[in-house]
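Number of protein chains: 2
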Amino acid sequence: MDRREFNAALGAAALSGLFTTAAQAQQPQPAARKPVVGMIVHSDMILLDLTGPLTAFNILQTDIHLIGKSKQPVTTDVGLPVTPTDSFETAPEVLDVLFVPGGLKGTVDAMKDAATVAFMKSRGERARFVTSVCTGSLLLGAAGLLKGYNATSHWYVRDLLPLMGANLKKERVVEDRNRITAGGVTAGLDFALTIGAKLAGEDAAKRVQLLLEYDPKPPFDAGSPEHAGPAMSDLILQRRGAAIAEAAAAAKEAGAKI
Amino acid sequence: MDRREFNAALGAAALSGLFTTAAQAQQPQPAARKPVVGMIVHSDMILLDLTGPLTAFNILQTDIHLIGKSKQPVTTDVGLPVTPTDSFETAPEVLDVLFVPGGLKGTVDAMKDAATVAFMKSRGERARFVTSVCTGSLLLGAAGLLKGYNATSHWYVRDLLPLMGANLKKERVVEDRNRITAGGVTAGLDFALTIGAKLAGEDAAKRVQLLLEYDPKPPFDAGSPEHAGPAMSDLILQRRGAAIAEAAAAAKEAGAKI
Numbered sequence: 001m002d003r004r005e006f007n008a009a010l011g012a013a014a015l016s017g018l019f020t021t022a023a024q025a026q027q028p029q030p031a032a033r034k035p036v037v038g039m040i041v042h043s044d045m046i047l048l049d050l051t052g053p054l055t056a057f058n059i060l061q062t063d064i065h066l067i068g069k070s071k072q073p074v075t076t077d078v079g080l081p082v083t084p085t086d087s088f089e090t091a092p093e094v095l096d097v098l099f100v101p102g103g104l105k106g107t108v109d110a111m112k113d114a115a116t117v118a119f120m121k122s123r124g125e126r127a128r129f130v131t132s133v134c135t136g137s138l139l140l141g142a143a144g145l146l147k148g149y150n151a152t153s154h155w156y157v158r159d160l161l162p163l164m165g166a167n168l169k170k171e172r173v174v175e176d177r178n179r180i181t182a183g184g185v186t187a188g189l190d191f192a193l194t195i196g197a198k199l200a201g202e203d204a205a206k207r208v209q210l211l212l213e214y215d216p217k218p219p220f221d222a223g224s225p226e227h228a229g230p231a232m233s234d235l236i237l238q239r240r241g242a243a244i245a246e247a248a249a250a251a252k253e254a255g256a257k258i
Numbered sequence: 001m002d003r004r005e006f007n008a009a010l011g012a013a014a015l016s017g018l019f020t021t022a023a024q025a026q027q028p029q030p031a032a033r034k035p036v037v038g039m040i041v042h043s044d045m046i047l048l049d050l051t052g053p054l055t056a057f058n059i060l061q062t063d064i065h066l067i068g069k070s071k072q073p074v075t076t077d078v079g080l081p082v083t084p085t086d087s088f089e090t091a092p093e094v095l096d097v098l099f100v101p102g103g104l105k106g107t108v109d110a111m112k113d114a115a116t117v118a119f120m121k122s123r124g125e126r127a128r129f130v131t132s133v134c135t136g137s138l139l140l141g142a143a144g145l146l147k148g149y150n151a152t153s154h155w156y157v158r159d160l161l162p163l164m165g166a167n168l169k170k171e172r173v174v175e176d177r178n179r180i181t182a183g184g185v186t187a188g189l190d191f192a193l194t195i196g197a198k199l200a201g202e203d204a205a206k207r208v209q210l211l212l213e214y215d216p217k218p219p220f221d222a223g224s225p226e227h228a229g230p231a232m233s234d235l236i237l238q239r240r241g242a243a244i245a246e247a248a249a250a251a252k253e254a255g256a257k258i
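These protein sequence lines are chains A and B, in that order.
Be aware that the first sequence starts at 1, since it is given in my numbering, and climbs by one per residue.
Be aware that the second sequence starts at 1, since it is given in my numbering, and climbs by one per residue.
The hints are simulated quantities; they were obtained by calculation from the structure and are not laboratory data.
The reader is advised that the hints may include incorrect statements.
[Unchecked claim] Covered stretches of chain A (chain B as the covering partner; in silico rule of three or more C-beta atoms under 8 Å from a C-beta of chain B): (1) 39 to 49; (2) 71 to 85; (3) 89 to 98; (4) 116 to 128; (5) 162 to 170; (6) 232 to 244.
These numbers were taken from a predicted model, which means no experiment stands behind them.
A virtual CB, placed ideally from N, CA and C, is assigned to each residue, including glycine.
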């Protein structure tokens with residue numbers, strides 16, 4: 001099943017020439033190079049971390065590569081496996097966007113995997129944009145890609161970023177030169193529009209926003225530790241303590257090497 | 001690959017007993033019946049329509065069934081296939097939640113498919129909640145499930161709902177008795193918290209919001225036709241005109257039967 005086939009669906013139907021006027025379409029145009037997007041997929045990934053940005057990259061008709069350590073399907077939090085289109089061996093050498101989704105256990109496993117860290121470093125050093133959503137920034141950090149950069153992560157592990165030389169900014173989407181990191185899970189939508197504007201222009205990003213009807217109206221106001229309050233946040237921190245402690249150990253070990 | 005296996009990841013790790021105090025956990029509890037959630041999956045589905053609500057239903061440890069016409073994988077907009085866990089034949093007879101994602105071409109195909117419409121009708125008439133995101137409400141409408149109910153849909157087809165007896169409300173999430181319909185794609189997140197509160201209580205829904213860090217801050221304000229302005233909206237309506245016309249024909253035909 002080929003991604004290109006699906007461009008016949010929402011992606012292409014919505015945007016292939018959708019925002020080109022008839023007059024423009026009739027003129028011969030130089031074939032624009034599609035931005036090359038490499039999205040890391042790893043086991044224990046949060047599918048929603050991937051799906052938000054993937055949907056935007058697809059509508060924007062970028063050249064998307066889902067890159068796994070191998071081409072074996074990876075597991076996700078919701079039980080739907082994702083099959084990589086590329087392995088570390090077949091992935092493009094130079095990416096316009098290197099993107100890393102999160103999922104705490106999967107991120108920590110990836111931080112400890114030398115081949116994954118080496119791949120991140122090799123592609124991250126050459127990519128036009130180095131990006132993440134959720135705990136994905138911990139893997140960027142472990143590869144030395146956030147040293148001296150402002151960055152963020154899921155609220156429950158973002159304090160670990162300075163262990164790997166990053167300057168923590170508690171914002172939803174943090175840009176510093178060509179690094180763009182976002183907060184937990186749903187911050188991927190805000191990230192997607194931010195990177196979309198850089199790749200295709202602000203108007204194209206706004207069209208994506210309109211197509212996805214991204215005019216959020218959460219029924220509750222509990223989407224950050226500040227708004228949810230300390231009781232709810234502390235409970236999550238406490239119950240996820242073991243996983244966060246493993247992430248802290250991995251961050252310290254990685255930090256000592258970079 | 002079994003969904004239950006993945007509850008070891010974010011889902012279970014985050015919430016299995018996560019919000020139970022130690023004292024509560026030590027007391028014998030009557031085994032609570034998990035809410036049974038039936039999520040329709042169909043070809044040309046928008047994966048993000050499914051993924052937002054699926055993530056919340058998974059964290060809330062509901063009993064999730066991904067129901068296809070058959071168990072064959074269905075295609076999605078982003079090229080990642082989804083394999084149903086159930087077919088119409090094996091799906092539970094009684095659902096706490098019947099949920100339908102969108103994807104305009106896929107919705108219209110489903111509206112025209114007698115077996116799909118009959119399945120929707122049989123499960124919808126008995127479900128505790130009958131719900132949709134995006135163009136999914138057109139399929140609910142075609143099954144006669146929105147007749148006399150307030151409802152909404154993706155902005156570019158919501159005007160078609162009255163053809164099937166619904167009262168259009170231009171809101172992001174519309175509740176009317178046990179019908180809950182939401183706007184386009186990303187409205188699925190607001191829907192997920194709304195239904196989550198009904199199934200598991202407001203505190204549980206807020207914990208989902210905090211885990212998903214759903215504190216949205218879109219970088220642009222173009223997520224509705226009203227905010228994006230008529231030029232951008234009209235262009236989308238014009239370029240999607242053929243697909244919308246097909247949806248209108250299907251809605252008229254369905255409306256004549258109910």
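Each hint tested on the structure:
1. 39 to 49: holds (count 4)
2. 71 to 85: Coverage by chain B holds for the stretch 71 to 85 of chain A (10 residues, Cβ < 8 Å).
3. 89 to 98: Not satisfied, violated; 0 residues make the cut.
4. 116 to 128: violated (count 0)
5. 162 to 170: Answer violated; 0 residues pass the 8 Å Cβ test.
6. 232 to 244: holds (count 7)
Figure legend: structure checked against the earlier numbered hints; hints not met, in rising order: 3, 4, 5.
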